[in-house]
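S.K.: One-letter residues, chain by chain:
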Amino acid sequence: DQQVKQNSPSLSVQEGRISILNCDYTNSMFDYFLWYKKYPAEGPTFLISISSIKDKNEDGRFTVFLNKSAKHLSLHIVPSQPGDSAVYFCAASANLRGGTSYGKLTFGQGTILTVHP
Amino acid sequence: DVKVTQSSRYLVKRTGEKVFLECVQDMDHENMFWYRQDPGLGLRLIYFSYDVKMKEKGDIPEGYSVSREKKERFSLILESASTNQTSMYLCASSIQGFGQPQHFGDGTRLSIL
Numbered sequence: 046d047q048q049v050k051q052n053s054p055s056l057s058v059q060e061g062r063i064s065i066l067n068c069d070y071t072n073s074m075f076d077y078f079l080w081y082k083k084y085p086a087e088g089p090t091f092l093i094s095i096s097s098i099k100d101k102n103e104d105g106r107f108t109v110f111l112n113k114s115a116k117h118l119s120l121h122i123v124p125s126q127p128g129d130s131a132v133y134f135c136a137a138s139a140n141l142r143g144g145t146s147y148g149k150l151t152f153g154q155g156t157i158l159t160v161h162p
Numbered sequence: 005d006v007k008v009t010q011s012s013r014y015l016v017k018r019t020g021e022k023v024f025l026e027c028v029q030d031m032d033h034e035n036m037f038w039y040r041q042d043p044g045l046g047l048r049l050i051y052f053s054y055d056v057k058m059k060e061k062g063d064i065p066e067g068y069s070v071s072r073e074k075k076e077r078f079s080l081i082l083e084s085a086s087t088n089q090t091s092m093y094l095c096a097s098s099i100q101g102f103g104q105p106q107h108f109g110d111g112t113r114l115s116i117l
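One line per chain: the protein sequences are B and A, in this order.
Sequential numbering of the first sequence, starting at 46, is according to the working numbering.
Sequential numbering of the second sequence, starting at 5, is according to the working numbering.
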């Protein structure tokens, strides 16, 4: 049962254009969302996050949008650069009151982004 | 900067062997995690630990165990390795608390022959 889904295995864009990576989730208990970037032969690195009390968070060229009613989030990269070529994972966390979530994350399958010069 | 170090980048073992994967973090993080990454499946949580000697099962714990005797070190053990455990294994750590990002090591590519 995949609670976090990235339905596009890959995305190809031209340098300078916008990259939009999408993520859907099914668990309504999720209330914090993160995006990670992963280069080959390296571990994932944290990129940007958003709490469920917000619908947008921006950090430089990266913006994450959250639509809670649709259980959908997206990562926008503007402008895209060849160095952005990597696998992007979205992840979700539930703050379980009285439970032991302890920062446990549920990851999507990943989307391979290729930015062409 | 947080440093999470996994003892081996590549490892080749035989079916039935007991395999140890080691992970060390240098930031005094309470939480540590073990994942495996497989094509089309993303990162799946095997086990995590929120304190020394404390552990909880993740989504796919079967065939694995873990050990956390010291705060900085978290070991993943394959009790009797099988070919379906060939994968990329990733260790991560984080501060305890809601919304804290996890910091990952560079992974161990494990092949079981």
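Read the hints as simulated data drawn from the structure, not as lab findings.
Just to be clear, a hint being listed does not mean it is correct.
Here's a subset of chain A near chain B, in silico, CB distances under 7 Å, partners left out [said to hold, decoys possible]:
(1) Y14
(2) G46
(3) L47
(4) P65
(5) G67
(6) Y68
(7) T90
(8) M92
(9) G103
(10) P105
(11) D110
(12) S115
Small disclaimer: the values here were computed from a predicted structure and weren't measured.
Built from N, CA and C at the ideal position, the CB exists for glycine as well.
S.K.: Find the hints from earlier in the document that the structure breaks and name them by number, from lowest to highest.
M.R.: 1, 4, 5, 6, 7, 8 and 12
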